[in-house]
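*Asks:* Could you build all of it, start to finish, from the sequences and the hints given here?
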Amino acid sequence: MPESSDAVTGSLSPVDADESSPAPAGVVASDGGGRPALDLLIWDAPNIDMTLSTVIGARPTAASRPRFDAIAAWFVEGAGDPSAPDAPEVEACVFANIPPVVGSLQRWVEALRGFGFAVFARPKSQPDDDIDQAMLDHIAVREHSHRLRRLIVFSGDGRNFAEPMEELARRGTQVVVVAFSEVAGYAISSDLLEFIDIEDVPGAFSVPLDRVRLDALPPDGAWLRPTRSLREFVSSFTARRNS
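If you use my numbering, the sequence shown closes out at 243, no skipped numbers anywhere.
Think of the hints as simulated: they come from the structure by calculation, not from any bench.
Among these hints, one or two may not hold up.
Straight-line Cα separation of at most 25 Å, SDA-like style, residue types lysine to any residue; simulated pairs [unchecked claim]:
| hint | residue 1 | residue 2 |
| --- | --- | --- |
| 1 | Lys124 | Leu136 |
| 2 | Lys124 | Asp49 |
| 3 | Lys124 | Val141 |
| 4 | Lys124 | Gln106 |
| 5 | Lys124 | Gly80 |
| 6 | Lys124 | Arg147 |
| 7 | Lys124 | Arg65 |
| 8 | Lys124 | Arg159 |
*Replies:* Structure, rendered in structure tokens:
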């Protein structure tokens, strides 16, 4: 998530009941066992923003941030022909922590909504404030209200997502984790989850990221430059040791 931003109007949490989460556009809920099929995308904004900074070794710029329009197109295309009798509904949700100094996040949120993404925004007043449970609760809501056919989770957070996502896969949902291969070992090593590096999503970035992936090294090898100067590291290390 960009460092500057603003909150979304309304503070309704998706955790309480089916009615507390907005239904995907066009969905008419059905009774009994005739639940509509749904492809759901969940975007963990704090995690993706943090891991992006980690893999490129710098603060992301506009050019190095993900393109949500291309990601929306990739997700919807993966749902198949919308006119097919068994076509699923599609829903994409971005979950974001909103800092006290919001800056230009309002424009970011409105752009997401214009691309067709729902946004769940929660104020971040303490360093440990997080939205992981809200994401898991929303997935549970959708599994109850719909037949969850495909779940795409943009997050490298294995601590919170590995176990519940594997359980969903055991129940028959296709679960795909999209993150950076450097930080998504939980998905890469899983026999139940599919993994896609976010840079492999067509058009996800307007320019190639300044990174060398260990899962896609050139045959002759590659030099991996330091992300911090040696003198800078030793200076901070010495200061900590002497404090």
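*Asks:* State for each hint whether it applies.
*Replies:* Here is how each hint holds up against the structure:
Using a Cα cut-off of 25 Å, the hinted pair Lys124 and Leu136 holds, with the two alpha carbons roughly 18 Å apart. In summary, the hint linking Lys124 to Asp49 is supported, as the alpha carbons are separated by about 15 Å, within the 25 Å threshold. Note on Lys124 and Val141: the hinted pairing holds, with a Cα-Cα distance of about 23 Å set against a maximum of 25 Å. With a C-alpha separation of about 15 Å, the suggested pair Lys124 and Gln106 falls inside the 25 Å cut-off, and the hint holds.
Proximity of Lys124 to Gly80 is assessed by CA-CA distance (about 37 Å); at most 25 Å being required, the pair is judged violated. Distance restraint check for Lys124 and Arg147: the Cα-Cα separation of roughly 33 Å exceeds the 25 Å cut-off, and the hinted pair is therefore not satisfied. About 22 Å separates the Cα atoms of Lys124 and Arg65, which keeps this hinted pair within 25 Å; it holds. Pair hint Lys124 plus Arg159 holds up; C-alpha atoms about 20 Å apart against a cutoff of 25 Å.
Comparing the model with each earlier hint shows violations of hints 5 and 6; every other hint is respected.
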